[in-house]
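A.B. asks: One letter stands for each residue in the lines below.
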Amino acid sequence: MKILVAVKRVIDYNVKVRVKPDQSGVELANVKMAMNPFDEIAVEQAIRFKESGAADEVIALSIGAPQAQETIRTALAMGADRGIHVEASHDTEPLAIAKIIKAVVEKESPGLILMGKQAIDDDSNQTGQMLATLLDYPQATFASGVEIAGDKLNIIREVDSGLEHITCPMPAVVTVDLRLNEPRYASLPNIMKAKKKPIDALSLDELGVDAGQRLKTLKVEEPPAREAGIIVDSVDTLVDKLKNEAKVI
Amino acid sequence: MSILVIAEHNHNEIQAPTLHTITAGVQIGGDVTVLVAGHNADKAADAAAKIAGVKAVFHADAPEYANGVAENLVPLIANLAGDYTHILAPATTYGKNILPGVAAKLDVAQISDIIRVDSPDTFQRPIYAGNALATVQSGEAVKVITIRTTAFEPAAESGGSASVSKIDATGDAKKSNFVKSELSSSDRPELTSAKIVVSGGRGMQDGANFAMLEKIADKLNAAVGASRAAVDAGFVPNEYQVGQTGKVVAPDLYIAVGISGAIQHLAGMKDSKVIVAINKDEEAPIFQVADYGLVADLFDAIPELDGKLG
Chain V
201 MKILVAVKRV IDYNVKVRVK PDQSGVELAN VKMAMNPFDE IAVEQAIRFK ESGAADEVIA
261 LSIGAPQAQE TIRTALAMGA DRGIHVEASH DTEPLAIAKI IKAVVEKESP GLILMGKQAI
321 DDDSNQTGQM LATLLDYPQA TFASGVEIAG DKLNIIREVD SGLEHITCPM PAVVTVDLRL
381 NEPRYASLPN IMKAKKKPID ALSLDELGVD AGQRLKTLKV EEPPAREAGI IVDSVDTLVD
441 KLKNEAKVI
Chain E
80 MSILVIAEHN HNEIQAPTLH TITAGVQIGG DVTVLVAGHN ADKAADAAAK IAGVKAVFHA
140 DAPEYANGVA ENLVPLIANL AGDYTHILAP ATTYGKNILP GVAAKLDVAQ ISDIIRVDSP
200 DTFQRPIYAG NALATVQSGE AVKVITIRTT AFEPAAESGG SASVSKIDAT GDAKKSNFVK
260 SELSSSDRPE LTSAKIVVSG GRGMQDGANF AMLEKIADKL NAAVGASRAA VDAGFVPNEY
320 QVGQTGKVVA PDLYIAVGIS GAIQHLAGMK DSKVIVAINK DEEAPIFQVA DYGLVADLFD
380 AIPELDGKLG
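The listed protein sequences correspond, in order, to chains V and E.
Plus 200 on top of the position in the first sequence (first one is 1) and you've got our numbering.
Plus 79 on top of the position in the second sequence (first one is 1) and you've got our numbering.
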């Protein structure tokens with residue numbers, strides 16, 4: 201069985217993003233980029249399935265600027281077997297991304313498609329669910345446990361009220377949550393080996409997908425700053441301030 | 080304009096996120112219809128009809144809607160979409176699981192997690208964990224939108240007198256199967272709707288130490304939350320997590336105890352009206368958003384605070 205993992209190149213989670221002065225977006229030039237942390241967890245899970253014998257091949261797919269190939273190389277260094285890069289604008293919306301992944305799924309016929317539950321740049325949390333609907337596959341979102349049992353998946357989902365256990369047949373789309381696993385660091389020998397692993401390039405034309413923008417971003421601005429607070433010297437002062445100044449207790 | 084709100088409910092009651100979503104619908108304008116899809120959920124449908132601002136309630140009752148399985152709900156909602164300009168759901172795990180599939184089925188873009196309605200086609204939403212706010216305009220015939228509940232007041236649970244109409248189910252897609260839920264029961268208020276939240280972080284050192292926060296929470300009628308670090312460490316279950324990828328809260332008072340204040344945590348609580356931070360590290364970033372900071376060892380400060388609250 202093949203596993204397809206979708207990985208997105210985003211601003212590194214440690215970087216404080218800055219809004220451009222012209223309010224057209226956030227500053228991406230000369231900013232450290234990395235694989236979306238949720239997608240790293242998806243890659244890790246795919247590799248574990250290969251290591252356990254449940255999968256034969258792990259394909260890492262990234263959609264975006266030419267530099268998205270670096271993100272694919274990261275997945276290859278972790279242990280994915282090969283990559284697919286589809287060149288598209290950085291701003292490609294989740295619906296178009298889902299259509300692109302669907303076209304790749306139709307070429308590759310993976311038994312399982314894994315990706316992060318959301319990307320930490322636009323925080324949309326849409327692509328996996330859209331892909332499952334477009335493919336008419338089962339979906340399991342926000343997974344903190346994924347087990348392959350024959351031709352079925354046993355999934356634990358993190359939901360607002362606690363945990364939910366579901367099962368579904370494969371092929372299926374699974375979006376992963378933070379506590380599924382802890383992704384490995386790529387070792388230096390594996391980083392070297394990854395340079396020789398193949399990355400296929402596919403174009404939107406070849407895949408027959410219209411990735412045009414449906415939404416218009418009118419402006420991007422800084423959130424209102426909170427007014428500076430004070431440091432209190434004791435628990436007594438704190439209780440007094442909360443009772444008599446803020447009047448919240 | 081005509082708005083369809085997808086209700087989150089427990090078959091007996093309409094849950095709070097739906098009330099906030101109805102307010103967003105009223106702000107957009109036009110008539111608000113609520114869809115209650117469930118199994119033996121008559122009480123929830125009747126409750127929906129009483130909510131202020133609701134003009135009509137659709138009630139779809141079938142076993143396949145008993146557990147909120149997205150593959151069963153997507154076709155039901157997509158079938159209704161033709162009559163609406165907007166389809167709204169709360170940006171909870173329930174709404175986030177279902178709505179993108181509806182958008183895909185309708186071949187329209189979704190706008191996630193809006194915090195402001197500028198006009199019927201223009202909305203503001205946070206990106207990059209709330210470090211930037213994007214104003215987004217949609218030209219789609221049907222606008223499919225999830226609502227950040229903390230950004231909209233809840234609609235009143237009474238005052239409405241909508242009619243309830245039964246609608247046909249669309250069948251079991253036979254895709255994923257619900258097995259069971261593991262829910263933690265608590266008599267405390269729900270985290271996302273509590274007026275006061277007391278949250279603990281890595282500094283709590285152990286799950287057992289959360290008992291100190293629970294004592295304070297009980298005195299203040301507060302909910303207990305946690306940072307990702309505390310959940311990852313196994314101190315408390317996942318449903319306690321506040322942050323970019325957990326729950327977003329905006330209570331009147333948020334007390335952060337032993338939480339350093341990573342941007343991912345701040346994303347989930349920085350719209351709280353008053354923020355208190357208790358941390359022994361005076362350099363902790365949490366102090367930058369706190370209205371009242373107390374630099375102290377929480378193992379001294381929390382028992383003392385507990386005593387002073389009487």
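Hints listed in this document are in silico derivations from the structure and should not be mistaken for laboratory results.
Given the structure is predicted, the values throughout are model-derived calculations rather than measurements.
For glycine and all other residues, C-beta sits at the position ideal for the given N, C-alpha and C.
Some clues are possibly wrong.
Below 25 Å or equal to it, Euclidean Cα-Cα: the simulated DMTMM-like pairs (lysine to aspartate or glutamate) are [claimed, not checked]:
{"#": "1", "chain 1": "V", "residue 1": "352", "chain 2": "E", "residue 2": "379"}
{"#": "2", "chain 1": "E", "residue 1": "253", "chain 2": "V", "residue 2": "336"}
{"#": "3", "chain 1": "E", "residue 1": "359", "chain 2": "E", "residue 2": "379"}
{"#": "4", "chain 1": "E", "residue 1": "184", "chain 2": "V", "residue 2": "440"}
{"#": "5", "chain 1": "E", "residue 1": "352", "chain 2": "V", "residue 2": "308"}
{"#": "6", "chain 1": "E", "residue 1": "184", "chain 2": "V", "residue 2": "308"}
{"#": "7", "chain 1": "E", "residue 1": "349", "chain 2": "V", "residue 2": "308"}
{"#": "8", "chain 1": "V", "residue 1": "220", "chain 2": "E", "residue 2": "197"}
{"#": "9", "chain 1": "V", "residue 1": "216", "chain 2": "E", "residue 2": "311"}
Reference excerpt, derived from the structure (chain E facing chain V, CB under 10 Å, subset only) [to be verified]:
{"#": "10", "residue": "105"}
{"#": "11", "residue": "159"}
{"#": "12", "residue": "184"}
{"#": "13", "residue": "197"}
{"#": "14", "residue": "199"}
{"#": "15", "residue": "251"}
{"#": "16", "residue": "268"}
{"#": "17", "residue": "271"}
{"#": "18", "residue": "297"}
{"#": "19", "residue": "372"}
Just a few of them, taken from the derived set where beta-carbon distance is under 10 Å, the chain E residues facing chain V [unchecked claim]:
{"#": "20", "residue": "80"}
{"#": "21", "residue": "122"}
{"#": "22", "residue": "212"}
{"#": "23", "residue": "243"}
{"#": "24", "residue": "245"}
{"#": "25", "residue": "246"}
{"#": "26", "residue": "249"}
{"#": "27", "residue": "260"}
{"#": "28", "residue": "294"}
{"#": "29", "residue": "325"}
{"#": "30", "residue": "329"}
{"#": "31", "residue": "359"}
{"#": "32", "residue": "381"}
{"#": "33", "residue": "388"}
A.B. asks: Determine for every hint whether it applies to the structure shown.
C.D. replies: Outcome of the hint check:
1. V/352 to E/379: With Cα atoms ~51 Å apart, residue 352 of chain V and residue 379 of chain E exceed 25 Å; violated.
2. E/253 to V/336: holds, 11 Å
3. E/359 to E/379: holds, 10 Å
4. E/184 to V/440: violated, 55 Å
5. E/352 to V/308: violated, 51 Å
6. E/184 to V/308: holds, 23 Å
7. E/349 to V/308: Between residue 349 of chain E and residue 308 of chain V the Cα gap is close to 44 Å, so the pair fails against 25 Å, i.e. violated.
8. V/220 to E/197: Status holds; Cα separation ~22 Å.
9. V/216 to E/311: holds, 23 Å
10. 105: violated, 23 Å
11. 159: Violated - the Cβ of residue 159 of chain E stays beyond 10 Å from chain V, reaching only about 16 Å at its closest.
12. 184: holds, 6 Å
13. 197: holds, 9 Å
14. 199: Constraint on residue 199 of chain E not satisfied, violated at 14 Å.
15. 251: violated, 12 Å
16. 268: With Cβ-Cβ at 14 Å, over 10 Å, it is violated.
17. 271: holds, 8 Å
18. 297: With a minimum Cβ separation of about 13 Å from chain V (threshold 10 Å), the hint on residue 297 of chain E is violated.
19. 372: holds, 5 Å
20. 80: The hint is violated - residue 80 of chain E has no Cβ within 10 Å of chain V, the shortest such distance being about 19 Å.
21. 122: Given a least distance of 19 Å, the restraint on residue 122 of chain E is violated.
22. 212: Where the cut-off is 10 Å and the nearest Cβ of chain V is about 5 Å from residue 212 of chain E, the hint holds.
23. 243: Hint on residue 243 of chain E: violated, closest Cβ of chain V at ~26 Å, above 10 Å.
24. 245: violated, 26 Å
25. 246: Violated - the Cβ of residue 246 of chain E stays beyond 10 Å from chain V, reaching only about 21 Å at its closest.
26. 249: violated, 14 Å
27. 260: holds, 5 Å
28. 294: With Cβ-Cβ at 15 Å, over 10 Å, it is violated.
29. 325: holds, 9 Å
30. 329: violated, 12 Å
31. 359: violated, 13 Å
32. 381: holds, 9 Å
33. 388: Hint holds; residue 388 of chain E Cβ to chain V Cβ min 7 Å, cut 10 Å.
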